[in-house]
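Construct the complete structure from the given sequences, taking the supplied hints into account.
Each step along the first sequence adds one to the number in the numbering used here, with nothing skipped, and position 106 is 404.
Simulated from the structure, these hints should not be mistaken for lab results. The reader is advised that the hints may include incorrect statements.
Cβ-Cβ distance ranges computed for the label pairs, FRET-style [as the list claims (entries may be wrong)]: (1) D369 <-> R631: 53 to 63 angstroms; (2) L332 <-> G525: 56 to 66 angstroms; (3) K686 <-> D815: 44 to 54 angstroms; (4) P684 <-> E507: 55 to 65 angstroms; (5) G679 <-> H819: 13 to 23 angstroms; (6) L415 <-> P715: 46 to 56 angstroms.
With a straight-line cut-off of 16 angstroms between C-alpha atoms, the simulated EDC-like cross-links for lysine to aspartate or glutamate are [unchecked claim]: (7) K694 <-> D493; (8) K778 <-> E856; (9) K431 <-> E490; (10) K521 <-> D568; (11) K419 <-> E670; (12) K683 <-> D595; (13) K634 <-> D666; (14) K502 <-> D526; (15) K431 <-> D495; (16) K694 <-> D495; (17) K741 <-> E670.
Values in this document were obtained by computation on a predicted structure and should not be read as measured data. For every residue, glycine included, the Cβ atom is placed at its ideal position computed from N, Cα and C.
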Amino acid sequence: MFFQELPTMSLLPLLNDRFAAALAAVGAPNAQPLVQQAGRPEFGDYQMNGVMGAAKALKLNPREMAQKVIDAVDLAGIAASLEIAGPGFINIKLADSFLAQRVETALGDAQLGVDALPRQKVMVEYSSVNLAKEMHIGHLRGGIIGDALARIQGFVGQEVVRQNHVGDWGTQFGMLVAYMVETSKTGNASLELGDLDSFYKKSKVRFDEDPAFADTARDYVVKLQGGDAEVLALWKQFVAISLTHCNAIYQKLGLLLNDDDVRGESFYNDDLPVLVNELREKGLLTESDGAQVVFLDEFKNKEGDPAAFIVQKQGGGYLYATTDLGAIRFRTRELKLDRCLYVVDSRQALHFQQLFTTARKAGFLAADAQFEHIGHGTIMGPDGKPLKTRSGDTVKLGDLLDEAVERAFALVSSKNPDQDEATRREIARAVGIGALKYADLSKNRNTDYIFDWDAMLSFEGNTAPYLQYAYTRVQSIFRKVGDWDRRGALLLSEPAEHALALELARFADVVHQVARDSMPHFLCAYLYNLATAFSRFYEACPVLQDGVANTSRLKLCELSGQTLARGLNLLGIEVLETM
RNA sequence: GCGCCCGUAGCUCAACCGGAUAGAGCAACGGCCUUCUAAGCCGUAGGUUACAGGUUCGAUUCCUGUCGGGCGCGCCA
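As structure tokens, this is what we get:
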């Protein structure tokens, strides 16, 4: 028992493996064990649901079969008890010694016990702003979610390529360059470009009111496409300025994105005619009203009309469908991606279905290539409609981030009036941005959600500040303890200790799940459960008593702190030593 | 017109391949600070999962229909 080799595999795969073997031993080799977390505490830690289905298939009594599975399963040193319940559930209580060993293992591991997944080259495409305009609230979710997914993929050992597929091409850039030339004559260009939105609006006004300006703008588009050096240089200048705006936002939001991650739509320009020719040679193209389209039977409506995927406009121009196909080709042929996560608004779901279907038909995507649209909903205002400013304008992202920090500063100041301002500013930054990100990440990304400052910054319930606060409580203990001797054994006796150790042991399964499903709200839910388990433990189990530290509990504290910090880090949220 | 998504407690949200008595937080009510940060913990109350059928040992989950909401649908991205 003392030197028994215990597996390092994370909990769910381990339990599923052992029960799969047991099912095979009792004559159900193909049955799924279906182990999951217990639905209620009184059911134990985990429950195994696979017996009922297997018994049904074999026409056996499920409870009798469950008993056979219990007799057959090898969970020595892992489970403390196995019980049949209800129609044939098997409830599993894990052994304290096993959980203690898990905690010790994770503490000695930089990955906190999270094994690397089979290595893949994974791209996360996110943010992908239109450089013609300033970043607004519509860019928030994609940025936050994409960044979290990129961090998580990296943590589980993938080769991650972040990609900012910026919109840096199209007719509007002719207009913008024309306006740059015009304002540079009055010496105002650099000043005006400080506010991209008004620059865009003013150039649009000029375009609409002055035919001569409009002609110039159109001329610049042609020159741009023709590679005219002078216009190209101006365009590059505009792109660079717009990117500095983006980078400032990324920095404020704490996103990993930088200039190295940018590959704009313009990058694929030269390939578009080639690509369209290839589609034609493969017999996928049909001319329709002067445009080149791919008809997809997969998206036929009831009348039998197939949906059209336009890859070339009448007149010869290309569209984002073409660019996206070019990007797929580049990513498979040149970058050799195994997987690509497109973090883009759900409203583009049909586009991506058509895109991937066309790419597969054209042979741009291998059968096993995992190219996925990671859709997300819209941020709504209190009225349930897309969030706007009071005056009805689009909410600028920079303003939103500033407001988050300002609101957090007011709250921090009222809570800790004695702290110096610099400290409160720093806390407010981490808390405000963290709250904003967590409010987003903790919701199922598929649906819209209602934006609510008070809820995200209330510092109560399932919020970033609650998690950050739990972390500071851990750190506070270690500040009090100073140096400590970690040689003592980790023994779990109290229910709150068992519950906390169980949560800690689940970390790997949750991270793996999110890496697989790209659903960050599962990680949030986990961290909230962990923080709650820690808070209960903190209330029920004193770590320091009469000046003496309890080594077992210190170890639980240590791993709790590390797991909270790492989990929040994977979400792009900072932790603080004090709040 | 066609297609996709959604409808869960007063509010905001969960529910992992179909699992047990549908879970949290906020708001409401009641407790707990001389002790590691009370931004905390404990408890009470709150539900015909839009509605009607069907499949199943078992349905918030799958299927059909109805109602309600959002979004998308050949030359924007």
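Outcome of the hint check:
1. D369 <-> R631: 53 to 63 angstroms: 55 angstroms, holds
2. L332 <-> G525: 56 to 66 angstroms: 60 angstroms, holds
3. K686 <-> D815: 44 to 54 angstroms: 32 angstroms, violated
4. P684 <-> E507: 55 to 65 angstroms: 29 angstroms, violated
5. G679 <-> H819: 13 to 23 angstroms: The hint (13 to 23 angstroms, Cβ to Cβ) holds, given that G679 and H819 are roughly 21 angstroms apart.
6. L415 <-> P715: 46 to 56 angstroms: Holds: the Cβ-Cβ distance is about 47 angstroms, inside 46 to 56 angstroms.
7. K694 <-> D493: 11 angstroms, holds
8. K778 <-> E856: 13 angstroms, holds
9. K431 <-> E490: This hinted pair holds, its Cα atoms lying about 13 angstroms apart.
10. K521 <-> D568: At roughly 15 angstroms apart (the allowed maximum being 16 angstroms), D568 and K521 satisfy the hint.
11. K419 <-> E670: 14 angstroms, holds
12. K683 <-> D595: This hinted pair is violated, its Cα atoms lying about 35 angstroms apart.
13. K634 <-> D666: 12 angstroms, holds
14. K502 <-> D526: Answer violated: K502 to D526 is near 23 angstroms, above 16 angstroms.
15. K431 <-> D495: Status holds; Cα separation ~6 angstroms.
16. K694 <-> D495: Holds, at about 9 angstroms.
17. K741 <-> E670: Not satisfied, since the Cα-Cα distance of roughly 20 angstroms exceeds 16 angstroms.
The structure is inconsistent with the numbered hints 3, 4, 12, 14, 17, although it conforms to all the rest.
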